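Generate coordinates for the entire structure from the input sequences, incorporating the hints supplied.
There are 2 protein chains.
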Amino acid sequence: MATWSERLAGVRGVLLDISGVLYDSGAGGGVPIPGSVEAVARLKQSQLKVRFCTNESQRSRGKLVGLLQRLGFDISEGEVTAPAPAACQILKERGLRPHLLIHDEIRSEFDKIDTSNPNCVVIADACDAFSYKNMNKAFQVLMELENPVLISLGKGRYYKETSGLMLDVGAYMKALEYACGVEAEVVGKPSPEFFQSALQVMGVEAHQAIMIGDDIVGDVGGAQRCGMRALQVRTGKFRPSDEHHPEVKADGYVDNLAEAVDLLLQHLDK
Amino acid sequence: MATWSERLAGVRGVLLDISGVLYDSGAGGGVPIPGSVEAVARLKQSQLKVRFCTNESQRSRGKLVGLLQRLGFDISEGEVTAPAPAACQILKERGLRPHLLIHDEIRSEFDKIDTSNPNCVVIADACDAFSYKNMNKAFQVLMELENPVLISLGKGRYYKETSGLMLDVGAYMKALEYACGVEAEVVGKPSPEFFQSALQVMGVEAHQAIMIGDDIVGDVGGAQRCGMRALQVRTGKFRPSDEHHPEVKADGYVDNLAEAVDLLLQHLDK
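For the protein sequence lines, the chains are A and B, in the order given.
Here the first sequence stands for residues 25 to 294, numbered as in the numbering used here.
Here the second sequence stands for residues 25 to 294, numbered as in the numbering used here.
Don't take each hint at face value.
Note that identical chains are pooled: a pair holds if it fits in a single copy or bridges any two copies.
[Said to hold, decoys possible] Okay, derived cross-link-like pairs now, SDA-like style, lysine to any residue, Cα gap no bigger than 20 Å in a straight line:
| hint | residue 1 | residue 2 |
| --- | --- | --- |
| 1 | 68 | 35 |
| 2 | 184 | 168 |
| 3 | 157 | 123 |
| 4 | 116 | 267 |
| 5 | 157 | 189 |
| 6 | 273 | 25 |
| 7 | 184 | 169 |
| 8 | 184 | 58 |
| 9 | 184 | 156 |
| 10 | 87 | 117 |
Derived by calculation from the structure, the hints in this document are not laboratory data.
The model shown is predicted, which means the values in this text are computed figures rather than measured ones.
Here it is in structure tokens:
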């Protein structure tokens with residue numbers, strides 16, 4: 025394998041996943057991953073451009089950022105690319121009025137969206153709101169549409185909380201896809217449009233950017249398909265089998281964000 | 025298309041789906057589909073062998089049969105092929121100890137099964153018990169197994185209740201398959217073993233048998249792949265688009281069970 029110096033040559037911008045990289049969510053909000061608070065601070069003091077790119081769809085950006093600030097992170101709402109605002113833009117552009125299968129904590133993101141007489145379903149990481157009743161309602165809305173549109177905020181299989189692995193929105197997206205015979209439109213990682221919108225805000229080309237995430241498919245595979253490089257951290261939902269994934273090979277595996285930032289700053293183009 | 029006489033030639037045994045053919049389930053138990061009580065009675069008075077072949081996994085066979093008897097049907101528990109008893113046999117044969125994600129109404133079917141220290145998950149139509157908490161628990165059990173085994177009682181997309189279409193177990197099976205990266209073993213229609221076990225009890229060869237159901241894929245397609253003929257009724261979950269299904273074509277479409285029985289008795293081999 026190439027040296028770190030070769031692998032990191034020409035990097036000008038860093039995209040950071042949040043859950044499983046910065047912190048592990050859980051009861052009471054969650055806990056920072058050791059070293060990550062300092063790593064973010066060091067990265068932001070460097071000449072590298074930094075943006076946070078998350079599939080978090082259980083909390084609004086405001087609430088997520090508030091939580092991370094309380095945990096000690098230097099982060100502001102404007103630095104975060106998240107799927108709910110991206111979905112709202114799509115809804116407006118296409119005149120879609122969603123039935124929302126979402127967590128109450130993210131409902132405020134959809135405040136300005138017309139949800140009367142729905143002509144599509146938007147599904148997000150609803151956690152306990154993924155009741156049979158709520159799933160069945162979303163299913164019935166889709167089945168009554170002539171051209172059913174299902175928009176999913178991410179398609180993650182699971183994420184890591186302090187208490188263990190938790191089912192993510194992708195599982196419920198698959199349930200509705202199968203029941204209704206539709207294919208969901210994914211807003212969030214690994215959708216190329218989503219990564220590209222983050223790069224555009226940073227003003228960095230894909231070949232100059234590197235993604236750091238804990239999801240071998242959603243973060244690493246998705247970023248690489250956009251022409252970016254990607255590192256996988258051995259925190260969050262990382263599992264040892266990820267390093268032998270049949271389809272995706274990261275540009276590097278690191279123990280945590282702190283190690284990734286060490287390497288990046290060490291091999292920064294002078 | 026061949027005449028009914030040709031299509032029904034040599035039929036000696038009839039397999040009847042229950043939900044959507046005999047009755048529509050719903051609040052208070054459900055209601056018989058008009059003409060079905062009499063149709064079953066006429067069929068059982070004929071020289072044809074009759075067996076009920078259901079994917080019902082929300083109630084035990086005893087409770088289902090009790091309900092149908094109260095609705096007026098001539099049916100006994102021994103005449104019903106259902107997935108829970110078939111699953112119990114598989115669990116015993118393979119030394120599997122299930123974590124059960126099922127409805128309380130069917131729990132008694134698993135009374136004699138060891139559920140300590142689970143090494144597999146059995147999922148059935150759990151309805152309101154498909155909470156996020158219960159789904160997450162099943163997911164976590166599977167993720168902790170070295171060789172995860174997921175057994176699904178049927179894989180229906182949805183069924184019809186008097187109040188409307190309802191999500192069936194198949195949707196939740198797909199959710200767990202995706203989240204865990206496993207493929208479920210389906211016990212119930214359209215599994216060939218399941219149809220064959222029903223035929224064996226009847227003592228009828230596949231080419232002498234006809235399935236009558238409301239599910240174009242699970243009932244009609246499944247039975248045909250076993251060498252049986254199959255009629256679809258325009259009751260239950262039937263939708264007009266089923267008659268133009270891209271992959272499955274029934275040997276006939278009839279308005280309801282009463283019409284199917286009329287045709288069968290009219291064209292019975294003398």
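Hints and how they fare:
| no. | hint | in the structure |
| --- | --- | --- |
| 1 | 68 to 35 | within (14 Å within a copy, 77 Å between copies) |
| 2 | 184 to 168 | between (35 Å within a copy, 14 Å between copies) |
| 3 | 157 to 123 | within (14 Å within a copy, 23 Å between copies) |
| 4 | 116 to 267 | neither (40 Å within a copy, 37 Å between copies) |
| 5 | 157 to 189 | between (24 Å within a copy, 12 Å between copies) |
| 6 | 273 to 25 | within (12 Å within a copy, 55 Å between copies) |
| 7 | 184 to 169 | between (35 Å within a copy, 17 Å between copies) |
| 8 | 184 to 58 | within (15 Å within a copy, 51 Å between copies) |
| 9 | 184 to 156 | between (23 Å within a copy, 15 Å between copies) |
| 10 | 87 to 117 | neither (26 Å within a copy, 52 Å between copies) |
Of the numbered hints given earlier, the model fails hints 4 and 10; all others are met.
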